[in-house]
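**Student:** The chain contents come next:
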Amino acid sequence: MAVNLSPHTLKKQFLCRCGALKMILADNEQQLKEKLVTKEEWMKSDTKGSYLFGQLPKFEDGDLVLYQSNAILRHIGRKHGAYGKNDCEASLIDMMNDAVEDLRMKYIKLIYQEYETGKEAYCKDLPNHLKPFESILSKSKSGFLVGDQISFADYNLFDLLLNNKVLCSTFLDSFPTLKSYVDKIAARPKIKALLECENFKKLPINGNGKQ
Amino acid sequence: MRAICNKEGFYLSRCGALKMMLADNDQQLKENMVSIEEWMKGDMKGSCLFGQLPKFEDGDLVLYQSNAMLRHLGRKHGAYGKNDCEASLIDMMNDAVEDLRLKYIKLIYQEYETGKEAYCKDLPNHLKPFESVLSKSKSGFLVGDQISFADYNLFDLLLNHKVLCSASLDSFPTLKSYVDKIAARPKIKALLECENFKKLPINGNGKQ
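Taken in order, these protein sequences are the chains called A and B.
Counting in UniProt numbering, the first sequence runs from 1 upward without gaps.
Counting in UniProt numbering, the second sequence runs from 1 upward without gaps.
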């Protein structure tokens, strides 16, 4: 598999839309070849124009070419048994992932548009958006969002919670279930290895360097 | 029997594609409306998992998030591709439709008076990829040889845009005939001509 990542600074890559992807691949011992597009190349109009929706990341798995980070997550979820064990669970996982995406969009908006003026209010409001996840996980027997196995929605939520820990450091203090959820996933051997790997640790989370 | 709960007097914006897909598959939908007064009291909002409507019920399954509902119906009614590869491509298309829907929603609810002209001028840039994909499609659908939930979603969004920016499809012959083709499907046609459907406002603030 290969993923092309877009820099916003020269030859740097950022995690924001690829963190969950890398974690689910690592956890399933899948190789990922990363190709960087330089800023100069990206700014050339024919480069951007060659990507279907004019955006990165671009993901390749054999002949299949995918854009849209959540489509990529769903693809990997299907391939690696991380999309529930039946249609009902799949629908619930979809719902959870879409809710994670809603919060990710708020995070992205803050980081790229409102960081200086909006950070305090964002962190203050964050608990309201986490309550549903705390509630769902506290009722979960497996400790995962849906069913008895980890799903792509779990990797996505885990990644987003890590990003928010950097942004609003104490926010998990009032969410014991979310706190132990993060600890549990971070302790999975291949996730732990990824998180401790130098190449991963040195990646900026976001393209503008804010976090 | 499937049921959907939405705010009273409201609006298609996140349910149009759902209703079209159900109608096209001869599925009944029971609609429960919550009045604005009741919604503002907060009890109903508090009972919704993410504090939002619509809420969709299919037997014991309760779903929030409109795209999760579309995927659910797609699975049930053979509108999610014929294999995993097609499913992934359909996901990608639907997510791109959602990107455009979010821009549309932002305009309608936040920037209508000041932003409409620029939005309509920029719209072709967002429609080009879909024109390109459909012009290469043998079936005339976004992916594979059958209609998928992403088609219903795109179709619904294009109808909304026809109201907002009336000439939006003039420079996109493939999109234009795509809209005509889906609108001519007998059960979609019947839904679009149905009085109850026609009188629904597209958006909750009455702008369109």
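Hints listed in this document are in silico derivations from the structure and should not be mistaken for laboratory results.
Note that the structure is predicted; figures quoted are calculated from it, not measured.
Possibly wrong hints are sitting among the right ones.
Said to hold, decoys possible - Simulated crosslink set (DSSO-like; lysine-lysine; CA at most 27 Å straight-line):
{"#": "1", "chain 1": "A", "residue 1": "Lys131", "chain 2": "B", "residue 2": "Lys7"}
{"#": "2", "chain 1": "B", "residue 1": "Lys207", "chain 2": "A", "residue 2": "Lys141"}
{"#": "3", "chain 1": "B", "residue 1": "Lys7", "chain 2": "A", "residue 2": "Lys48"}
{"#": "4", "chain 1": "A", "residue 1": "Lys124", "chain 2": "B", "residue 2": "Lys45"}
{"#": "5", "chain 1": "B", "residue 1": "Lys207", "chain 2": "A", "residue 2": "Lys106"}
{"#": "6", "chain 1": "B", "residue 1": "Lys187", "chain 2": "A", "residue 2": "Lys48"}
{"#": "7", "chain 1": "B", "residue 1": "Lys128", "chain 2": "A", "residue 2": "Lys210"}
{"#": "8", "chain 1": "A", "residue 1": "Lys44", "chain 2": "B", "residue 2": "Lys128"}
{"#": "9", "chain 1": "B", "residue 1": "Lys187", "chain 2": "A", "residue 2": "Lys109"}
{"#": "10", "chain 1": "A", "residue 1": "Lys109", "chain 2": "B", "residue 2": "Lys121"}
{"#": "11", "chain 1": "A", "residue 1": "Lys109", "chain 2": "B", "residue 2": "Lys116"}
{"#": "12", "chain 1": "B", "residue 1": "Lys106", "chain 2": "A", "residue 2": "Lys131"}
{"#": "13", "chain 1": "B", "residue 1": "Lys106", "chain 2": "A", "residue 2": "Lys179"}
{"#": "14", "chain 1": "B", "residue 1": "Lys136", "chain 2": "A", "residue 2": "Lys109"}
{"#": "15", "chain 1": "B", "residue 1": "Lys189", "chain 2": "A", "residue 2": "Lys48"}
{"#": "16", "chain 1": "A", "residue 1": "Lys210", "chain 2": "B", "residue 2": "Lys103"}
{"#": "17", "chain 1": "B", "residue 1": "Lys176", "chain 2": "A", "residue 2": "Lys48"}
{"#": "18", "chain 1": "B", "residue 1": "Lys45", "chain 2": "A", "residue 2": "Lys48"}
{"#": "19", "chain 1": "A", "residue 1": "Lys44", "chain 2": "B", "residue 2": "Lys207"}
{"#": "20", "chain 1": "A", "residue 1": "Lys106", "chain 2": "B", "residue 2": "Lys76"}
{"#": "21", "chain 1": "A", "residue 1": "Lys124", "chain 2": "B", "residue 2": "Lys41"}
{"#": "22", "chain 1": "B", "residue 1": "Lys176", "chain 2": "A", "residue 2": "Lys119"}
{"#": "23", "chain 1": "A", "residue 1": "Lys106", "chain 2": "B", "residue 2": "Lys106"}
{"#": "24", "chain 1": "B", "residue 1": "Lys207", "chain 2": "A", "residue 2": "Lys79"}
{"#": "25", "chain 1": "A", "residue 1": "Lys119", "chain 2": "B", "residue 2": "Lys121"}
{"#": "26", "chain 1": "A", "residue 1": "Lys106", "chain 2": "B", "residue 2": "Lys176"}
{"#": "27", "chain 1": "B", "residue 1": "Lys116", "chain 2": "A", "residue 2": "Lys124"}
{"#": "28", "chain 1": "B", "residue 1": "Lys103", "chain 2": "A", "residue 2": "Lys79"}
{"#": "29", "chain 1": "A", "residue 1": "Lys106", "chain 2": "B", "residue 2": "Lys7"}
{"#": "30", "chain 1": "B", "residue 1": "Lys82", "chain 2": "A", "residue 2": "Lys109"}
{"#": "31", "chain 1": "B", "residue 1": "Lys136", "chain 2": "A", "residue 2": "Lys44"}
{"#": "32", "chain 1": "B", "residue 1": "Lys45", "chain 2": "A", "residue 2": "Lys131"}
{"#": "33", "chain 1": "B", "residue 1": "Lys103", "chain 2": "A", "residue 2": "Lys44"}
{"#": "34", "chain 1": "A", "residue 1": "Lys131", "chain 2": "B", "residue 2": "Lys41"}
{"#": "35", "chain 1": "A", "residue 1": "Lys109", "chain 2": "B", "residue 2": "Lys45"}
{"#": "36", "chain 1": "A", "residue 1": "Lys106", "chain 2": "B", "residue 2": "Lys138"}
{"#": "37", "chain 1": "A", "residue 1": "Lys85", "chain 2": "B", "residue 2": "Lys176"}
{"#": "38", "chain 1": "B", "residue 1": "Lys45", "chain 2": "A", "residue 2": "Lys106"}
{"#": "39", "chain 1": "A", "residue 1": "Lys48", "chain 2": "B", "residue 2": "Lys82"}
**Student:** Take the hints in turn and mark each one as holding or not.
**Tutor:** Each hint tested on the structure:
| no. | hint | verdict |
| --- | --- | --- |
| 1 | Lys131/A - Lys7/B | holds, 23 Å |
| 2 | Lys207/B - Lys141/A | violated, 45 Å |
| 3 | Lys7/B - Lys48/A | violated, 41 Å |
| 4 | Lys124/A - Lys45/B | holds, 20 Å |
| 5 | Lys207/B - Lys106/A | holds, 24 Å |
| 6 | Lys187/B - Lys48/A | violated, 40 Å |
| 7 | Lys128/B - Lys210/A | violated, 33 Å |
| 8 | Lys44/A - Lys128/B | holds, 19 Å |
| 9 | Lys187/B - Lys109/A | violated, 40 Å |
| 10 | Lys109/A - Lys121/B | holds, 24 Å |
| 11 | Lys109/A - Lys116/B | holds, 21 Å |
| 12 | Lys106/B - Lys131/A | holds, 25 Å |
| 13 | Lys106/B - Lys179/A | violated, 33 Å |
| 14 | Lys136/B - Lys109/A | violated, 35 Å |
| 15 | Lys189/B - Lys48/A | violated, 38 Å |
| 16 | Lys210/A - Lys103/B | holds, 24 Å |
| 17 | Lys176/B - Lys48/A | holds, 26 Å |
| 18 | Lys45/B - Lys48/A | violated, 42 Å |
| 19 | Lys44/A - Lys207/B | violated, 38 Å |
| 20 | Lys106/A - Lys76/B | violated, 32 Å |
| 21 | Lys124/A - Lys41/B | holds, 23 Å |
| 22 | Lys176/B - Lys119/A | violated, 44 Å |
| 23 | Lys106/A - Lys106/B | holds, 13 Å |
| 24 | Lys207/B - Lys79/A | violated, 43 Å |
| 25 | Lys119/A - Lys121/B | violated, 33 Å |
| 26 | Lys106/A - Lys176/B | violated, 34 Å |
| 27 | Lys116/B - Lys124/A | violated, 33 Å |
| 28 | Lys103/B - Lys79/A | violated, 32 Å |
| 29 | Lys106/A - Lys7/B | holds, 24 Å |
| 30 | Lys82/B - Lys109/A | violated, 36 Å |
| 31 | Lys136/B - Lys44/A | holds, 25 Å |
| 32 | Lys45/B - Lys131/A | holds, 14 Å |
| 33 | Lys103/B - Lys44/A | holds, 25 Å |
| 34 | Lys131/A - Lys41/B | holds, 20 Å |
| 35 | Lys109/A - Lys45/B | holds, 25 Å |
| 36 | Lys106/A - Lys138/B | violated, 39 Å |
| 37 | Lys85/A - Lys176/B | violated, 40 Å |
| 38 | Lys45/B - Lys106/A | holds, 20 Å |
| 39 | Lys48/A - Lys82/B | violated, 31 Å |
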